[in-house]
Amino acid sequence: MGVEADRVAIAFLIAVIRSKPDLIHLNTALTNLSIWRDLMLLLVGRVARRPVILAIHGGKYLMSRPASASVDRAIGFMLRHSAAVIVLSEIERASLSRRWPNIELTVLPNAVDRRNAPLIERSNNVPVVVFLGRIHESKGIRQLAEACGKVHRSGTEFILRCCGDGPERKWFVDAMTDELQTAFEYRGVVAGTEKWATLASSDIFVLPSVYGEGMPMAMLEAMACRCVVIASDNASITAVIDNGENGFIVPSGDADALAKTLSKVIAAREDWPMIGDAARKTVADKFSSDDYFAALDSIYLRAVDDS
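The numbering used here applies: residue 50 is where the sequence shown begins, and numbers increase by one.
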């Protein structure tokens, strides 16, 4: 696993010994890098005799089994030797339970504090479509580029606003600048109030992920800001979006379907307020930060009591 991984594990062990926490909470993703890193950290927790809470947030192997037997065994070990395993939806619980049965999995969806989401009357003459996330193939950026090109060439007016960074940033920014010209904006990484302002001033949020999603925080934040969401049918996204009611679902990896849905949504401007209100209500009713922290406290207390 490398010298750097060993250093991280040793530093983590020292921190645990010094701080003497009641428990350890690990946020992980089911990707090769995260699995091996967090397996080491889980072992540190076991050596220190501290209960470990494993919270899974997406990853390549969330919905499909790894080809590597060693990776498969590592995931199974982590699931079996955590005091509690948190997943984001019943969809994820079913997927993992089919592959690793007889392991208790607790569903605790992501949540946002909608009080952070500014409610403003949008006044964009030209519809603003925003992508906010890691600029990586897993997010469907190639399908997004193809779809936006088709919609633009059809004569439909819109502005694509991109926020984020990642290994395919240069390709994506260059491709969209060439295709959309002044109808493309790249804003880099945004956070805090700038992120909320960006979402609140955008009309449509798009996330056509092809793999690796859990329950995207950016999507929930966009819904809290009353954006019309267009997202793929990846992992827990379909546990949040009711197609046509509080957003729109497109098949993962299908650029043509994305282009058609984007065109339809842009044309149906009169429906945006109703869908945006339904999206914000979904967040308030099902993904409240107050409910989240109360449930997480309960998981923590049970893990400590059982240790």
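What the hints contain is simulated information worked out from the structure, not anything from laboratory work. Treat the hints with care, since some could be wrong.
Below, a list of computed lysine-lysine pairs in the BS3-like style, where the Cα atoms sit at most 30 Å apart [unchecked claim]: (1) Lys244 x Lys313; (2) Lys309 x Lys330; (3) Lys199 x Lys335; (4) Lys109 x Lys69; (5) Lys219 x Lys199; (6) Lys309 x Lys244; (7) Lys335 x Lys313; (8) Lys244 x Lys109; (9) Lys309 x Lys109; (10) Lys109 x Lys219; (11) Lys199 x Lys109; (12) Lys199 x Lys309; (13) Lys199 x Lys313; (14) Lys313 x Lys330; (15) Lys330 x Lys219; (16) Lys219 x Lys69; (17) Lys244 x Lys219; (18) Lys335 x Lys219.
So, going through the hints one by one against the coordinates:
| no. | hint | verdict |
| --- | --- | --- |
| 1 | Lys244 x Lys313 | holds, 26 Å |
| 2 | Lys309 x Lys330 | holds, 26 Å |
| 3 | Lys199 x Lys335 | violated, 35 Å |
| 4 | Lys109 x Lys69 | violated, 33 Å |
| 5 | Lys219 x Lys199 | holds, 21 Å |
| 6 | Lys309 x Lys244 | holds, 28 Å |
| 7 | Lys335 x Lys313 | holds, 27 Å |
| 8 | Lys244 x Lys109 | holds, 26 Å |
| 9 | Lys309 x Lys109 | holds, 27 Å |
| 10 | Lys109 x Lys219 | holds, 23 Å |
| 11 | Lys199 x Lys109 | holds, 29 Å |
| 12 | Lys199 x Lys309 | holds, 9 Å |
| 13 | Lys199 x Lys313 | holds, 13 Å |
| 14 | Lys313 x Lys330 | holds, 23 Å |
| 15 | Lys330 x Lys219 | violated, 37 Å |
| 16 | Lys219 x Lys69 | violated, 44 Å |
| 17 | Lys244 x Lys219 | holds, 21 Å |
| 18 | Lys335 x Lys219 | violated, 37 Å |
When held up to the earlier numbered hints, the structure conflicts with 3, 4, 15, 16 and 18 and fits the remainder.
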